[in-house]
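Asks: So the chains spell out like this:
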Amino acid sequence: MILGRVVGEVWATRKDARLERSKLLVVRPHGWYEPRWATEHLVAVDDLHAGVGDDVVVCLGQPARWSRGEENMPVDAAIMAVVDRIELDAGAAQASHAAPGIRRRWTPPSRWAR
Amino acid sequence: MIRGKIIGQVWGARHVPGLDGRKLVLVAAHDAAQAPTGRVVVAIDTLDLRSGDDVTVAFGSGARNVLRPGPDNRDLVCDAAIAALVEGAE
Chain Y
19 MILGRVVGEV WATRKDARLE RSKLLVVRPH GWYEPRWATE HLVAVDDLHA GVGDDVVVCL
79 GQPARWSRGE ENMPVDAAIM AVVDRIELDA GAAQASHAAP GIRRRWTPPS RWAR
Chain D
411 MIRGKIIGQV WGARHVPGLD GRKLVLVAAH DAAQAPTGRV VVAIDTLDLR SGDDVTVAFG
471 SGARNVLRPG PDNRDLVCDA AIAALVEGAE
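Chains as they are written, first to last, in our numbering: chain Y, 19 to 132; chain D, 411 to 500.
By construction, these hints were calculated from the structure, which means they are not laboratory data.
Note that the Cβ used here is the ideal one computed from N, Cα and C, for glycine as well.
No false leads were mixed into what you were given.
Cβ pair distances, simulated, as ranges: (1) Y:GLU27 with D:ALA499: 41 to 51 Å; (2) Y:HIS67 with D:LYS433: 22 to 32 Å; (3) Y:PRO92 with D:GLY462: 38 to 48 Å; (4) D:THR466 with Y:LEU37: 34 to 44 Å; (5) Y:THR57 with D:ALA443: 23 to 33 Å; (6) Y:GLY71 with D:PRO481: 32 to 42 Å; (7) D:ALA423 with Y:HIS59: 19 to 29 Å; (8) Y:ARG46 with D:GLU500: 38 to 48 Å; (9) D:GLY462 with Y:ALA35: 44 to 54 Å.
Some chain Y residues judged to face chain D by a derived CB distance under 7 Å, without partners named: (10) LEU66; (11) SER85; (12) ALA99; (13) GLU105; (14) LEU106.
A short list of chain Y residues far from chain D (calculated; beta carbon distances all over 12 Å): (15) GLY26; (16) GLU27; (17) VAL28; (18) TRP29; (19) ARG32; (20) LEU37; (21) GLU38; (22) LEU42; (23) ARG46; (24) THR57; (25) GLU58; (26) VAL70; (27) GLY71; (28) PRO92.
Work out the full structure, taking the sequences as your base and the hints as a guide.
Replies: Shown next, in the form of structure tokens:
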């Protein structure tokens, strides 16, 4: 999974019947682990009612198809959780090389523990 | 699998049903010389580890096998899970 921030929403009227109950959100990833996936934005299916500005955990690849639980969906990215809080290890947060994607693009809101 | 170090933990009350009771951690990947590669992954932690721990992370079907041994585990929503706590490496 990766961390990302919801930056927009995609509407589509003509779509696969299994997607009719779901929203499609545009997510800007905070960091990547798989270079072949790396992109500035991705579209993920959302059943959790995440909104623009929310930080989310996105599941990628085949497991995303089962994000609704019982149904095999035609997707390869799904919102898995809406982030309430993140605790970063103090040492890791200071080591600029440890997590450059997160350091560069992501400043935790003050309500989150550091 | 990759090796990495746990750098933090993630909480989200709104999550998919498959995440109930699971712990999510942030892992910064590193190479054989322990130098961070800059890649970060959110992984499910079933071993209840803490920040700073050196771990291996399994992806794909290997990650699902961590949560529930296969083959009937294709319905699990998980693409990364911590497979082991590394105690030493040569």
